[in-house]
Structures are given as structure tokens and as C-alpha cells.
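Going down the list, the sequences are from chains A and B. Those letters in the first sequence? Residues 1486 to 1710, by our numbering. Those letters in the second sequence? Residues 1486 to 1710, by our numbering.
Among the hints, erroneous ones may be present.
Treat identical chains as interchangeable: a pair holds within one or across any two.
Stated by the list, open to error - Listed below are the simulated EDC-like cross-link pairs for lysine to aspartate or glutamate, each with C-alpha atoms no more than 20 Å apart in a straight line: (1) 1538 <-> 1500; (2) 1696 <-> 1651; (3) 1696 <-> 1508; (4) 1538 <-> 1557.
Simulated from the structure, these hints should not be mistaken for laboratory data. Bear in mind that the values here come from a model prediction, so they are computed numbers and not experimental data.
Chain by chain, the residues:
Protein chains: 2
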Amino acid sequence: MIKLVLMDVDGTITDRERRVSTEAVNAIRKAQRSGIMVSLVSGNVIPVMYALKTYVGIESPVFGENGGIMLDGDSVQPFFDITKPRQFFDTLLSMGLAQGILTNRWRETSMGYAPAKGMEDRIVKMAAEYDVEVANSGFSWHILNRGQDKGFALSILMRKFNLKHDEIAVIGDSFNDLPMFKDGVVKAVPSNAEPELRKIANLVSERSHGKGTAELLLRIVRSNQ
Amino acid sequence: MIKLVLMDVDGTITDRERRVSTEAVNAIRKAQRSGIMVSLVSGNVIPVMYALKTYVGIESPVFGENGGIMLDGDSVQPFFDITKPRQFFDTLLSMGLAQGILTNRWRETSMGYAPAKGMEDRIVKMAAEYDVEVANSGFSWHILNRGQDKGFALSILMRKFNLKHDEIAVIGDSFNDLPMFKDGVVKAVPSNAEPELRKIANLVSERSHGKGTAELLLRIVRSNQ
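Just chain A, with the same shape it has in the complex:
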């Protein structure tokens, strides 16, 4: 019996241009009506997660900044500090290795960047020296604290709602979704997911992106009945 579905946003409930799939929105609403809790976790900032929560009609807490910050009702709860990510970000800027992104003005626990051409790997290597991690959502790059990943968000939800691994399904398409693909949870991926995720998935959709995720959600709802 699945009690919670934790999902990525960009590429997972959207198309490849980040437009939300109305089929995924309808499937999320249907899953909630069937009694399943649905939560979102994304590299996005918390006011964007607030907008998704409000306009999609998500009833459970949602997470921004890769799991580093939670919106639960009207309360915003950061779990990490922005100091280290910002130091590394400032270093990248001063060295001309990256540029900032629009949403940085609303970040509280991480920083986003656009790498200069060909600098992707060099930045990843530098991150270790600065005691931070970098993650690529497939839509943008993020500088994070160690341990600030989607698995952390999942552990918060498990504790909060007293859930076991086999009561949880996760849906995602990118490398930064891997930390929530934990042993014992149902791992579902839309067909556009990275091969590494598809390989370990229990469920792979026929359609891609948001339409695939809609399919996965409806299968999860049915499997509960």
C-alpha cells in the first residue's frame, strides 16, 4: 500500500520546456483524492514550490533547493545554511567560471549557476575543496551543502508521517533524483529518465516527461486498490 509519492518537478511533471503537463496535474489530484499523499522536491526556490503547491493543489509539505528547505502549511523551514554555497558561488563568479541565475535572489540554502562553456567538470572538481556539492537537475546547476539532497527530503517525510520504505513511491528523471531512489521504495521513472535511473526502476512509463508521470501515478493509484 503506497501512502506517499515524492516527485521531482522539472522534466518529471513538465515537458522538456518546463511547461507543466495538465495530465500530470490531473493525475496528482486524482492520487490525492484516492488518499495518497503527494509531495514535490526540486532544485527550485521555495516561493516557486509555494506556487506549485497552491496552483496544483498539493496538500502535503513540499521541498525546494534540492531538499534543503521545506514549505509546510504557512511555515518555511530551512534545514541548511547558505554560507558555504554562497562562498563557492562568489569564487566561481570572481574566476569567471559561471554566471548567476534569476532565482538566486530567493535562495536560502543553496545557489544556482550557469557554467561558462566547457567549465562544467572543472567546477565539479573544485567543489570538493570548498566542502560543497554541485548537482545538475538537467535544467540548472546548483551548489549545495553536503547531505542536501532529495534523499534528505524523503527522510524528513518518513519521520514526519511515520512511513516505512514500502509505503513510498518516488518519481524522477535525473541524477539529482537518485538519492531518493532508496532500497525498498517503489522507484518509478518516466521514459525520458537517465539510463542509470531506468536501470534500477521498478516502474518505467511508456510515454515521456509529464505524460509518463501521469501514467505512473495512475498505475500507483490502481495498485493500491
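Got chain A; can you put chain B on it based on the hints?
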């Protein structure tokens, strides 16, 4: 020939619980594909408008804080100052007449508040002394600078895209939408709109809220053909 549709968000493209209507989303996308520019103006903060722009797939600039701030591509442009709204807000709080709302942490040109029980009218009267305006979107109350209204947003778009009144349609349901219901523009309202708006409307939908707005958008697309 309608070239631009400027629309409210809450109650207009959503249901009464602020969940977005997937029919409205599809109609917006269809209007854009037909060559019509679609823009949104709302009391919401700009990162929420960024989320709506991204996930709905709106291509034109969008406005937050009742028209006081614009997101155009990656550029955020405030047209007003937050000093006066914040002074009045602090006064309301210190007198125990109102409480703050979640989105205030992201406001740049206005403040939102929840009036204490029965204090609505008193606050409206006090606003004049503090040289600010207050507006109720039907979902929350906002403290604004004089002239910071949806008509201001419309004038920005008209200048930016060199539009005449008869090339514009506006869609809204509440009193704070009235300033964009200007002479000569097509005024469209979903059936849930306030009677004052319905009275001056050129188009009234049969269905209510987001489903009504979808209907209006499709009528505007057809009328262009």
C-alpha cells in the same frame, strides 16, 4: 483583432480554492499558438509569477504585486517602492489590526495582510492618511502605492508593444481588476465575477472561474479568425 489578453490569476484561471484550471492552461497555450500574446497580472509576488510563467508557458512579460513589478524574460523590474506600504503595514501590526501573510518575505513594492476580525473598513479608511491604497483580490488584502494597479500594468504593455485599446482583451473577476477594464478594450469576465464587473463586461462566460476563462479565451481566439 485581439493581439493581447491580460488576465488576473486567482479566481480567474483557478477554481475557488486557487487550484489552476487545466482547461484554462490549455486555452492559454492555444491562444498563444494562435498568435495572441497572453500576460498575467496578480497581487502575487514575482517568484510566484515566475513559476506561473514557466509552468504554464507564458511567453509575454507578467506582473506581480498588482502591477507594481514586472518579470520580462530574466529581468525583474519594480515600478514602485515598498517604503510607504511597509510603514502602513507596520502600523497595522503594532495596533493589532492585521497580521502578515506568507508571501510578504518576497514582496518588493507592496505588503499583504490579513485584517483582524471586523477591521476591514477601518483599515481602508486609515490607508488614506498614510497615502497608500488597499485592495482586496478576493483571496488576500494588499497595501499598495497610489497608482499601483492593474491599469498601470496594462499601460506598460500598451507602450511596450505599441497596442491600441481595441487590440486588447482583459479578463478578471474582482474589484482589483477594475482598473484594467478600460474604455475601448474587450472586457471579459467568468460568471463568478463581481456584479460591478459583469455589468460593464462585453463577454460573460457560462461556466465559472478557470473553466469560464477557458471559454472566454477560446471565444477570443475564434473571433480573431
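Item checked: Hints the structure fails to honour -> 2
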